[in-house]
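Trainee: Protein chains in written order, with our numbering: chain A, 1 to 97; chain B, 98 to 207; chain C, 208 to 327.
For the record, the hints were derived by calculation from the structure and aren't laboratory data.
The calculated lysine-lysine pairs, modelled on BS3-like cross-linking and capped at a C-alpha distance of 27 Å, are:
1) B:170 / C:272
2) A:39 / C:263
3) C:272 / B:202
4) B:170 / B:192
5) B:166 / C:284
6) B:171 / C:272
7) C:284 / B:170
8) C:268 / B:192
9) C:268 / B:105
10) C:272 / B:192
11) B:202 / C:211
12) C:284 / B:202
13) C:268 / A:39
14) C:263 / B:202
15) A:39 / C:272
16) C:284 / B:171
17) C:212 / B:166
Here are the in silico distance ranges between beta carbons for each label pair:
18) A:92 / B:101: 49 to 55 Å
19) C:241 / A:81: 47 to 53 Å
20) B:189 / C:293: 44 to 50 Å
21) B:98 / A:17: 44 to 50 Å
22) C:289 / B:132: 48 to 54 Å
23) B:116 / A:39: 39 to 45 Å
Positions of the beta carbon are idealized from the N, C-alpha and C atoms, including for glycine.
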Amino acid sequence: MLNIINKSPLDRGSLDTCLQSAEGGAILLIEDGVYAATKGSVGEAKLKAAGKFKVYALGPDLEARGMADRVMDGVTVVDYGGFVDLVAEHKASQSWL
Amino acid sequence: MAIEVNGKSYEVDEEGYLINLGEWNEEVGGFLAQQEGVTMTDQHWEVINFLRDYYNEFQIAPAVRVLTKAIGKKLGPEKGNSQYLYELFPYGPAKQACKIAGLPKPTGCV
Amino acid sequence: MTIKKFMMVNRKAPYGTVYALESLEVVLIAAAFEQDVSLAFLDDGVYQLKRGHQTKGIEMKGFEKTYGALEDYDVSKLYVDQESMAARGLTADDLCVPVEVMSRAELGKLMEEQDVVLSF
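Here chain A stands alone, though its shape is the one from the complex (with noise of 0.2 Å):
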C-alpha cells in the first residue's frame, strides 16, 4: 500500500492515524505534509519509530516551502515522475486526506 499524505503532521491527525492503522508499505508526503519530513519537527521521531515504512518526500514541495535542506535521514525525495512511479509500483494508493 502507498499512503499518501498531504497534511502537515501539527496541524492534523492523518500522519498519526496513518502510522497507527497502515500495515506498512511506502508513505509518500505531499504538500504540508512533506514538513514531517523535516529536521527538529515532531514528525522525525514519529518517522524514526515507524521503521516499518519506506518513507518518501515530494521534492518541489519541500523546495516550495524552503524545507529541501533540511530533509531528515532516511527519507528519500523523489519528483513528480517519482510520485507516478511510486503509484504504479504500488498495488493500491491511499490518501489519508
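Given chain A, work out where chains B and C should sit, using these hints.
Mentor: Only chains B and C this time, still in chain A's reference frame:
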C-alpha cells in the same frame, strides 16, 4: 480578451491588464499606453521601469502611497510626490502605470 | 480616517492552503489604508516566514519576497511564537524577515490590545 501588437496576440483581462507579465516588452507597453491615452516620455518610462523593478523584487505592484515614497527615495523628492505622478498618469499612477508596465492591479486598489 | 489596530493571526503553513497568501493581501490592503497593522505567527503559521521558498516546481507564485515589502508599507510589527518555532526545529535565524520572538502569553496580551483580529 486579447490585444494585438506587431502581429502578435497578448491575453488581457476584462480591465485591460496583461495576463502574462512575462510577455511584456516596450512595444506592448507603448500600445497599452496609447489605449490609456498616455503619450510616453522618458519620465513615463522611468516610472514604468521603476514599477517593473519593484515587482521583480517584491512580487507585488505597490499601492500609490508606497509607490510615491519609494520613488522619492530612489529618484528624488521632486519625483516622489503624487502631483508629479498624477501629471504623468492622470487616471492614477498605480492603476494606469501598472497597466502599462504589464503588472497586475495593485493590491489595495479597489 | 479612523486608525484602528489590526492584527492578522497566521496559523497555517504556506502553499498547502490559500490562507497565508490571503492574509498577506489583507495586510497590504489594510496598510494601504494607513491602518496600524501587526502580524502574529503561531503553530504552522511560523512556516510562512521560513527563508528560501522555491516555488517553480509546484507552479505557484511564491510570496516570500513580498514580506520584504512590508517595511515600505510601514508594517514592522511581526510577532512569532517561540514555542511554535521550537516544535518545528526553527529559530529566528531561519526566517526571511526580522521578527520579534515572544511567548504565547505575550502574544495573547497583544491580541487583547487590538481593535480588530483577523484569523488565517
